[in-house]
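Visitor: Chain A is already provided as a structure; the job is to place chain B on it using the hints.
Line order of the protein sequences matches chains A and B. Once you know that position 279 of the first sequence is 279 in the working numbering, the rest is easy, because the numbers rise by one and skip nothing. Once you know that position 7 of the second sequence is 314 in the working numbering, the rest is easy, because the numbers rise by one and skip nothing.
Rather than coming from a laboratory, the hints here were simulated on the basis of the structure. Beta carbons are placed, not taken as given, at the ideal position from N, Cα and C, and that holds for glycine. Mixed in with the good hints there might be a few duds.
[What the hints assert, rightly or not] Computed Cβ-Cβ distance ranges for the label pairs, DEER-style:
hint, chain 1, residue 1, chain 2, residue 2, range
1, A, P126, B, L378, 44 to 50 Å
2, B, L352, A, K98, 24 to 30 Å
3, B, L378, A, P127, 45 to 51 Å
4, B, V546, A, K98, 49 to 55 Å
5, B, I495, A, D113, 47 to 53 Å
6, A, S16, B, V498, 52 to 58 Å
7, A, K98, B, A553, 38 to 44 Å
8, B, P329, A, D113, 19 to 25 Å
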Amino acid sequence: MNQDEPAIRIDDLTKSYGRKRVLERLSLSVPRGSIFGFVGLNGAGKTTTIRCLLGLDRYQGGECRVLGLDAARQSLAIRQRVGYMAESQKMYDFMTVKQIIHWVGRFYPTWDDSLASALCEQMQLPPTDKVGVLSKGQTSKLALLLALAHRPELVILDDPTLGLDPIARRDFMRDVIGQLQSRGVTVFFSSHLLYEIEPVVDWVCILHEGKALKISRTDALRESVKSVMLRPRDGASLAGVPGILDVQQVDRRVSVVVEDLKAARPALDRCSADGLEVADLNLDEIFEAYVIGRRELAGVGPDVAPE
Amino acid sequence: MSDQTLHQSKGSRGEGPSSRAPHWLRLLGPLLRSQWQQQRWQVVLCAVVMSVLLAATVRAQLISTREAGTLILWIGGFVLTGFLAIGPIGSERANGTWQHLRALPAPGATIVLAKWLFGVRSVVGIVLLATLAGWLAGRGLFVPTQWLLLSGVLAAFALGGWYTVLLLATLRSRNEYEAAMMVLSVSIIGVIWFLVAAMRYSGDPLLNICALVGVAHPMACGTYVFHILDRGETGVFMVATIAVSAALWWIGPIVVLGWLSRRSMTTSRMPEARS
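Here chain B stands alone, though its shape is the one from the complex:
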């Protein structure tokens, strides 16, 4: 390396158009980009498999559209969400790239926020894409495709929330194996939790309490809302359920991680804009 290089090069990056945004917010761009590069094949594969599977099942009508939707969008989506939640932190730690990422001047909360945003975006995108594929495949077959759209939108909402639960569970995983074990364990607990929520109509006061607790379960919320809407009903409890689920699993992470990122910057006296 010549002396000239270190002394003379002066080409600092100028302010970009988004320079007014807080520094931590601008870091989301590169973090999301690296996450996409890491997981793109997983995401593309899942999107293709789910879309083709739902479209083919709806088109073939070997089982009803309802069954196909439930099986592929809800149960398949549940498995897909677990699959996507294993990678972001477990594999980074196993590959050793987590150390490099943490050594960069980015708050840990921003890194987790980027991983969460990418995962949620992927899950929602895949489910909506599969729903669209199924809806298109069912057009002209005199099958209830409107139902499929409603189911798909609610599945995307529920599975996005479920991804939050799984990512939280895998935050401390040291490798993919640990992350997979954690996803499996939480999924089993999630199924039990879901069943508890499903018992809410039993009339037993104790079970009703369990059901109320279960409403916080993103999947239980989604299926409950779908069940109500499917019957052509609405209600205050349904709106409240959506609000609780959205606050816990959608708005909550953004608010908490955003606040933590901002706080890291403030305590560290980081510049809010590039100089």
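Next up, chain A with everything else stripped away, as it sits in the complex:
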């Protein structure tokens, strides 16, 4: 693989299930060695995208390249080199932990038995217990172990913390992702718990109804997307403010979330009667503004916006 080539490159990916369009010309690029957060509401198309990347689902249009390989034609080679943890992964419940580790290992040429044993010990998985009796957290840990023990170049995690308790979730984010990052492994993971991924992701893609609303470096996103509180002048309208994501009326004042404060500032200044109060937003709030923000209210005029 060319070192300059991104770990994942998606161009105009289009996917439908019957008549239902799930992904609409999705394009994104995941730089090598980055931790890429793929966020969206349930049903946004996160899992479908991941399945297309691994060649598990066929797509109608566009191109997916993973580690330089074509997902439509070279899915087996991709699956050998990628660690994949599926959302709510179901494994053979009649096998013991030890058996399933050994069994899965036979599919991977690069499987590392001693790494698997070490991970099993550190994740405190009981080797002789059957998979069927493991708790949800233990099952997630086992799925993670199976995704990591063949030393993949890229790890794709589909909502990996689903079912984990808060402590385990925190440990996962801090330890697992941190370690993978320090090894230079690219991590692509989907989640809807933004407050959890915020400390670890370098890049974020906000997916909504099969479209990428925003793809940006996390720090750049936080830098540009801001919440602005203002008291509007009489007759002023926010319709001319560029990049409005959300508008809310708070008493006689208006809270506006803008995509790019620098670009929007002059127009906001013109609308405000007594200056602007700018506040930072966390990733959760930014996501909310992009996905469920009531930007249509901007055209109505702030003083008549409904409470």
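Guide: For chain B alone, coordinates are given in the frame of chain A:
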């Protein structure tokens, strides 16, 4: 997880003795093993029930050995094959384990090949075991046990082929219920198909054409061959019938699924041997 773990563990599996075999072929081992773990109780139960039933019926002689053989090996075997064909794909999809299996770096054709091999092996094994049990039970009773052996071998051949038809029919099933419905529907069609094949001696040219088509039916082929051999006859048509059935339902799946597996590996540029 400590940093040390991910950085220092170096214990990749070495090359095993079978490393020269293509990668997809080596995947059959673990796939067959997991299939056995999934279906072992079904297989053991079927083997015990059929063996005990045939042995007891032959020993008791309440009905003739011929009737017992036909009833248990052929009709019972027909039901057993349907029962075994419901599980492999339908239940995996219903349990959600199919997703995990498909996410592993194994060609889909290899997975289906493993399921087919396991199913055919089970059906043939159960029928042959039951035949052996019936033959042993009939020894010393002055009953035609040689006939039972011939019937058993041909039933195993026919039912193995029939399993192929049923597995093909259940490939798209999303759960056991859908698989069961598909097995039932195909079995009904199979019975009608079989009856068409049985009319081959009617003399009507149109029915003869139907009979020729029906020869492709694995059960019809088995019973036809048995009928010919039982009369002490042989013939070119009989050999041709066996060849057609074996090519369609035994060799065909191996060749097609093997070729698809190999092609998946080639297009994906997978290593043929572990490094």
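Visitor: All hints, please: hold or fail.
Guide: Checked hints:
no. : hint                         : in the structure
1   : P126/A to L378/B: 44 to 50 Å : holds, 49 Å
2   : L352/B to K98/A: 24 to 30 Å  : holds, 27 Å
3   : L378/B to P127/A: 45 to 51 Å : holds, 48 Å
4   : V546/B to K98/A: 49 to 55 Å  : holds, 51 Å
5   : I495/B to D113/A: 47 to 53 Å : holds, 50 Å
6   : S16/A to V498/B: 52 to 58 Å  : violated, 40 Å
7   : K98/A to A553/B: 38 to 44 Å  : holds, 41 Å
8   : P329/B to D113/A: 19 to 25 Å : holds, 23 Å
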